[in-house]
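The lines below spell out each chain.
There are 2 protein chains.
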Amino acid sequence: MNSKLPDTAPKDRIFNTAVKLFARHGFAGTGLRELATKADVNLAMINYFYGSKKGLLKEILDDFFAGYIAIAKQELVRTGTLHERLSGFIIHAVRYFDTRQHSLLIFITELPLDDQEIIEHKSTWARQMAAILEKEVCLPLNKETGRNIPATCIGPMLTSLMASRFLFTPLMEHVRGSSTNPVDVETYTNIILSIFLPTLEKENERSSHHGMKQ
Amino acid sequence: MNSKLPDTAPKDRIFNTAVKLFARHGFAGTGLRELATKADVNLAMINYFYGSKKGLLKEILDDFFAGYIAIAKQELVRTGTLHERLSGFIIHAVRYFDTRQHSLLIFITELPLDDQEIIEHKSTWARQMAAILEKEVCLPLNKETGRNIPATCIGPMLTSLMASRFLFTPLMEHVRGSSTNPVDVETYTNIILSIFLPTLEKENERSSHHGMKQ
DNA sequence: TTAAAAGTTAAACGTCCGTTTAACTTCCTG
DNA sequence: CAGGAAGTTAAACGGACGTTTAACTTTTAA
Chain A
76 MNSKLPDTAP KDRIFNTAVK LFARHGFAGT GLRELATKAD VNLAMINYFY
126 GSKKGLLKEI LDDFFAGYIA IAKQELVRTG TLHERLSGFI IHAVRYFDTR
176 QHSLLIFITE LPLDDQEIIE HKSTWARQMA AILEKEVCLP LNKETGRNIP
226 ATCIGPMLTS LMASRFLFTP LMEHVRGSST NPVDVETYTN IILSIFLPTL
276 EKENERSSHH GMKQ
Chain B
76 MNSKLPDTAP KDRIFNTAVK LFARHGFAGT GLRELATKAD VNLAMINYFY
126 GSKKGLLKEI LDDFFAGYIA IAKQELVRTG TLHERLSGFI IHAVRYFDTR
176 QHSLLIFITE LPLDDQEIIE HKSTWARQMA AILEKEVCLP LNKETGRNIP
226 ATCIGPMLTS LMASRFLFTP LMEHVRGSST NPVDVETYTN IILSIFLPTL
276 EKENERSSHH GMKQ
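Heads up: the sequence lines are chains A and B, in that order. Under the working numbering, think of the first position of the first sequence as 76, with each following residue one higher. Under the working numbering, think of the first position of the second sequence as 76, with each following residue one higher.
One or more of the hints may lead you astray.
When chains are identical, the list treats them as one kind, so a pair holds in a single copy or across two.
Stated by the list, open to error - Below 20 angstroms or equal to it, Euclidean Cα-Cα: the simulated EDC-like pairs (lysine to aspartate or glutamate) are: (1) LYS133 / GLU192; (2) LYS113 / ASP189; (3) LYS128 / GLU195; (4) LYS86 / GLU109; (5) LYS113 / ASP190; (6) LYS210 / GLU192.
FYI, nobody ran anything at the bench for these hints, they're computed from the structure. Computed from a predicted model, the values in this text were never measured in an experiment.
Let's have the full structure, built from the sequences with the hints guiding it.
Shown next, in the form of structure tokens:
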């Protein structure tokens, strides 16, 4: 964390360090002086590059959500059975979460912000995700099952389930004895697939086994 | 929020107001002066009753987790099939989350705190929950399925899934048009049951329909 | 080569932070 | 009724907060 990253530009050093600190201490709990020191930049550079502390948070959230939406579009908006597309989305989303654990934590834990500006900002992204899920997942699913589950319900469920491993990791490391190991990410993904997809199989009466693509 | 609660004792007013404010602005984002004003008490009373700001957070977390553990013990540690016990736990836990939405948000969002003192405090509770899940759910489940899923994996998954509705509520209210309504809590519970329990049914080859107990 | 642009710096701005103090009032108990 | 405990108050403590300023250096481009 404190180690110099002399090759990267100051703006990127601020960004990367902020991601780690916001995830660890929370947005409100992170001071700009600590951030400047850890990123090895002058305090004033933060406001110079990002306008304000909140502007920095916005860019971090944008960066994370843009990648998340891209995966949803790539995996869900294409040909294939619902089962195939949904399992592809889960596999890639979990993999994405794994590589962006800090950003994921910020996205989750900084959710209930009272700040109208940030809430509006996040809603714009969430609305896009909900639209994709509604059209590509909920609509065909509800047509077959006869139920009426909206994307604003199934979306949070799916995201929460996929994020649970990374959300509770810092706690679980203390819970587990140092001897026992956590399940690896691929196993974790397979568990999620086995939880979410049998529901579809059961409704569709279509038999298929969900192997992770290599 | 600002309305006076003249009948309750100052100590309780501090507690109840803090739960709302910590959930809304986060722990670090809430100032004791704002809390004192909203709770209609003198600033010094907070440290008088709770020792420190962190002491107040601890009591809030204790209060929430004690109730959560109580439900786990009551519903999981008793006779009955795994299916019956697990569905009972889910039904009561979701109901509990619904009545303690603010505390739930604090429990979730204040998780990645770097503070060693709080982390240790939470780990004590999480360890109890993991022990119950390990013995009552994972052990019989793994014996039947031949898999080896630890409680430190399935616990966070279950909690995250049940919490998703309340975690993303403030965002989803902005996403939904004001016309459409969210699913009610009972429907939400049934969706979770239909996601989590078919996995068991499939493995156990036991047919049963999961009606919510009234 | 030179002037504008971009990057970087130390210092200070006013504000809010969590906590403590000491004096005061209220309440309970012997 | 006396006296001590519990509750309550206003005020102040030093420090950290996000942001701004103006001066300085480096880079860019005409």
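Right, here's what the structure says about each hint:
1. LYS133 / GLU192: Within one copy only: 10 angstroms inside, 30 angstroms across.
2. LYS113 / ASP189: Between copies only: 16 angstroms across chains, 28 angstroms inside a chain, cut-off 20 angstroms.
3. LYS128 / GLU195: within (17 angstroms within a copy, 30 angstroms between copies)
4. LYS86 / GLU109: within (16 angstroms within a copy, 35 angstroms between copies)
5. LYS113 / ASP190: between (27 angstroms within a copy, 18 angstroms between copies)
6. LYS210 / GLU192: Neither: 28 angstroms inside a copy, 46 angstroms across copies.
Hint 6 from the list above is the single one not met by this structure.
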